[in-house]
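Colleague: Chain by chain, the residues:
There are 10 protein chains.
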Amino acid sequence: MLFHVRMDVSLPHDLDPNRRAELVAAEQDRMLELQKLGVWPHLWRIVGQSGNISVFDVPSNDELHAFLSSLPLWEFMRVEVTPLAQHPSDLAAQP
Amino acid sequence: MLFHVRMDVSLPHDLDPNRRAELVAAEQDRMLELQKLGVWPHLWRIVGQSGNISVFDVPSNDELHAFLSSLPLWEFMRVEVTPLAQHPSDLAAQP
Amino acid sequence: MLFHVRMDVSLPHDLDPNRRAELVAAEQDRMLELQKLGVWPHLWRIVGQSGNISVFDVPSNDELHAFLSSLPLWEFMRVEVTPLAQHPSDLAAQP
Amino acid sequence: MLFHVRMDVSLPHDLDPNRRAELVAAEQDRMLELQKLGVWPHLWRIVGQSGNISVFDVPSNDELHAFLSSLPLWEFMRVEVTPLAQHPSDLAAQP
Amino acid sequence: MLFHVRMDVSLPHDLDPNRRAELVAAEQDRMLELQKLGVWPHLWRIVGQSGNISVFDVPSNDELHAFLSSLPLWEFMRVEVTPLAQHPSDLAAQP
Amino acid sequence: MLFHVRMDVSLPHDLDPNRRAELVAAEQDRMLELQKLGVWPHLWRIVGQSGNISVFDVPSNDELHAFLSSLPLWEFMRVEVTPLAQHPSDLAAQP
Amino acid sequence: MLFHVRMDVSLPHDLDPNRRAELVAAEQDRMLELQKLGVWPHLWRIVGQSGNISVFDVPSNDELHAFLSSLPLWEFMRVEVTPLAQHPSDLAAQP
Amino acid sequence: MLFHVRMDVSLPHDLDPNRRAELVAAEQDRMLELQKLGVWPHLWRIVGQSGNISVFDVPSNDELHAFLSSLPLWEFMRVEVTPLAQHPSDLAAQP
Amino acid sequence: MLFHVRMDVSLPHDLDPNRRAELVAAEQDRMLELQKLGVWPHLWRIVGQSGNISVFDVPSNDELHAFLSSLPLWEFMRVEVTPLAQHPSDLAAQP
Amino acid sequence: MLFHVRMDVSLPHDLDPNRRAELVAAEQDRMLELQKLGVWPHLWRIVGQSGNISVFDVPSNDELHAFLSSLPLWEFMRVEVTPLAQHPSDLAAQP
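These protein sequence lines are chains A, B, C, D, E, F, G, H, I and J, in that order.
Every letter in the first sequence is one number past the one before it in the UniProt record's numbering, and letter 78, counting from 1, is 78.
Every letter in the second sequence is one number past the one before it in the UniProt record's numbering, and letter 47, counting from 1, is 47.
Every letter in the third sequence is one number past the one before it in the UniProt record's numbering, and letter 35, counting from 1, is 35.
Every letter in the fourth sequence is one number past the one before it in the UniProt record's numbering, and letter 30, counting from 1, is 30.
Every letter in the fifth sequence is one number past the one before it in the UniProt record's numbering, and letter 27, counting from 1, is 27.
Every letter in the sixth sequence is one number past the one before it in the UniProt record's numbering, and letter 75, counting from 1, is 75.
Every letter in the seventh sequence is one number past the one before it in the UniProt record's numbering, and letter 11, counting from 1, is 11.
Every letter in the eighth sequence is one number past the one before it in the UniProt record's numbering, and letter 47, counting from 1, is 47.
Every letter in the ninth sequence is one number past the one before it in the UniProt record's numbering, and letter 81, counting from 1, is 81.
Every letter in the tenth sequence is one number past the one before it in the UniProt record's numbering, and letter 5, counting from 1, is 5.
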């Protein structure tokens with residue numbers, strides 16, 4: 001089941017530099033891990049911004065929330081989730 | 001080059017039913033045509049809405065505008081375009 | 001799987017009165033039908049408005065879209081869907 | 001009498017960790033207590049966010065405000081309250 | 001129980017003049033009626049606008065919705081309802 | 001002359017607790033004082049929020065600003081003022 | 001007493017051309033009349049728009065509403081009123 | 001003197017086709033004319049939209065308004081004007 | 001050439017009190033100076049707020065920016081500038 | 001390929017003054033460098049604000065993001081990117 005997810009990341013400028021570096025490294029590790037699991041099939045940078053637009057493929061809402069809230073930068077993100085369905089004009093949906 | 005495109009379609013309720021049917025059929029034809037060309041790799045229905053979220057893959061801004069404005073429902077859409085770049089944590093970007 | 005759905009209905013004032021009456025009657029029939037199916041467990045009127053706040057319980061995003069777009073007033077609604085998950089402080093989630 | 005309540009929680013990143021832990025624990029205790037009282041019949045996590053969508057069932061506006069402002073995280077929340085009424089197409093409202 | 005209500009009225013310019021006159025007259029009659037009933041203690045014109053800011057005093061959400069939707073201009077209004085409680089610094093609330 | 005005033009109060013979480021207590025006590029004193037003067041005839045708590053909706057009755061714009069800016073929490077408030085006029089359907093305005 | 005007033009005018013494109021011409025001429029007459037009365041000391045065109053930014057000088061809120069609603073294009077305007085006070089750094093306010 | 005201008009054009013779908021064709025042709029003529037005059041140095045299409053982003057170079061606000069309101073599609077546009085100044089880091093501004 | 005300027009001032013609560021006092025005094029000095037120069041013909045307090053609505057009269061956009069950015073509180077303001085033109089119904093514009 | 005870019009800069013007031021001076025100097029150096037490269041053909045100050053409106057000319061979305069994120073003040077900016085195409089009424093586009 002597909003979900004469109006937009007994440008806007010905003011790190012406070014007075015965050016301790018070591019904690020920042022640790023968080024950012026842990027974030028990348030977790031992002032790669034979730035992609036390897038197959039639940040995060042699309043991940044794009046929004047040009048000019050520090051956030052991303054993603055598509056998640058998960059079996060349920062609860063699992064999607066669990067994956068998103070497992071991200072180390074979770075508390076510094078604004079996340080917006082939009083459920084997706086197959087479009088009737090999608091080539092893959094044609095008989 | 002990838003672009004995130006959101007299209008919100010709003011057909012006036014007093015549109016002539018024949019014209020509506022023709023437009024909707026022509027729209028689907030053109031949507032399939034652009035997908036077959038390879039410039040419209042992702043197309044999803046937004047759950048509960050009559051619009052879509054798409055990703056286009058085109059060589060330039062001018063070509064993207066030409067493709068979008070060739071859609072038969074073009075004059076009844078609100079379209080919002082967001083340029084995308086490769087994300088440094090994308091699995092495909094890892095060395 | 002639960003989804004929070006807000007529907008705002010806006011019928012054009014120049015809609016033919018007979019068509020309006022038919023649509024409104026058909027809408028109520030379909031609303032009752034979906035409730036009987038068990039996919040629409042909560043339906044509330046927003047005080048002072050002609051829309052509703054609802055909770056749907058469906059197996060997938062695709063089915064949710066199919067149910068929503070089957071409503072006779074579908075083309076006169078603005079619909080906003082928010083996926084819900086179990087809250088860790090929900091009484092029902094306690095060990 | 002039913003009210004739709006949306007709570008968005010935002011804890012400052014420089015809050016003392018001990019105070020944070022105490023507040024979060026106290027919050028959960030109070031949330032369970034209000035659910036046991038029967039005044040908070042529905043509580044859902046919004047997927048991807050740290051807030052919730054809830055339905056309260058209280059005898060009056062004043063009591064609703066008293067319950068909400070008794071939450072330990074009250075000063076860190078943005079709360080939006082929408083009064084609900086029975087919907088005429090609610091299955092439970094049919095004769 | 002008090003509710004703050006803001007009504008913004010917007011009559012279509014192509015409404016039949018007779019129907020408009022009838023609606024406006026009926027609206028005023030119903031407004032006076034509800035005030036005489038005691039459920040609409042405050043009614044003010046917003047300077048420069050065709051709407052009003054009001055306070056209703058009703059025993060329940062359901063009754064408030066019934067009163068508001070009984071207004072003849074109901075279908076031409078945008079209505080926003082905000083529940084009110086006693087303020088702890090209200091002079092009338094002092095011991 | 002009546003004015004609708006909405007005040008949204010937002011105290012910084014790192015404000016010194018003693019200063020906070022002094023400010024809040026001083027605020028309540030001033031609120032009572034202005035009500036006794038007769039310039040603040042209505043004061044309501046917005047359910048679920050730390051602000052209020054009020055009606056002021058003052059002889060001029062300048063005096064309204066002087067009263068509002070004399071509140072001890074003035075620098076922590078967002079204040080929105082809407083001028084009110086007598087509504088032609090107000091029961092008190094009928095001949 | 002001064003009020004900042006912003007008027008945005010929006011005439012429907014299908015308004016009868018004669019009625020439009022009459023309304024526009026009557027509007028200008030009334031605008032000049034109110035300026036001669038001294039209640040409309042400032043009137044500016046917003047560059048690129050069909051509306052205006054104005055300052056009114058009136059003895060009361062009720063009179064301001066009466067003047068504004070006497071404009072022939074009143075029903076085609078969105079009007080926003082902001083009460084003004086003397087600024088403490090205004091040269092004219094210096095001792 | 002430079003001004004950033006954004007024009008969003010919205011032609012009503014029920015506009016007479018002949019009038020539409022005439023207006024669109026006249027609009028293009030006037031756009032070319034103003035460019036030849038040198039007052040409209042930059043004109044770009046916003047990808048996916050029927051509007052444009054432009055830069056005007058005019059001696060005064062009054063002349064800018066005169067040019068903009070001389071466009072044949074003027075009554076169908078929403079126009080937003082932002083005054084520009086030389087940027088201190090502009091290469092052309094370096095000593 | 002006239003420009004409508006709205007300034008919203010927001011001083012951080014943890015600003016050093018001496019620096020705050022110096023800045024506020026310097027701001028008033030500069031405000032009076034610019035008024036004496038004749039470039040700031042109108043300055044009004046927005047009732048209930050810490051900002052102002054002003055009209056500037058300057059020969060160019062560049063000079064307007066230079067004056068605005070010379071204000072000592074410049075870095076604590078949100079400033080919005082709207083170019084003004086003579087209104088065709090302005091009494092002063094009549095033949 | 002052209003892109004419209006708006007940058008709004010917001011430096012925290014408690015940033016260390018030396019770090020601020022270094023960042024601002026480095027920012028100007030990088031801005032000049034990118035202009036010399038030819039990728040930043042237009043750069044304007046928005047009157048009354050600390051941001052800019054720019055046009056970039058780059059071969060791809062990825063390069064645009066690389067240039068923007070190389071700015072020393074990058075983490076203190078809100079950046080909004082809009083892709084541009086040739087306008088059919090651009091004088092340069094005429095046959």
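Hints listed in this document are in silico derivations from the structure and should not be mistaken for laboratory results.
On a predicted model such as this, the values are computed, not experimentally measured, just so you know.
In this text, a Cβ means the ideal position worked out from N, Cα and C, and glycines have one as well.
Check before you lean on any hint, since a few could be wrong.
Covered stretches of chain B (chain H as the covering partner; in silico rule of three or more C-beta atoms under 8 Å from a C-beta of chain H) [what the hints assert, rightly or not]:
1) 5-15
2) 21-34
3) 77-83
Colleague: Against this structure, judge whether each hint is valid.
Modeller: Status of the hints after comparison with the structure:
1. Interface restraint, the region 5-15 of chain B with chain H: holds (4 residues with C-beta to C-beta distance below 8 Å; minimum three).
2. With a cut-off of 8 Å between beta carbons, the region 21-34 of chain B has 0 residues touching chain H; three or more are needed, and the interface restraint is violated.
3. Check on the region 77-83 of chain B: 3 of its residues sit with their Cβ under 8 Å from a Cβ of chain H, so the three-residue criterion for coverage holds.
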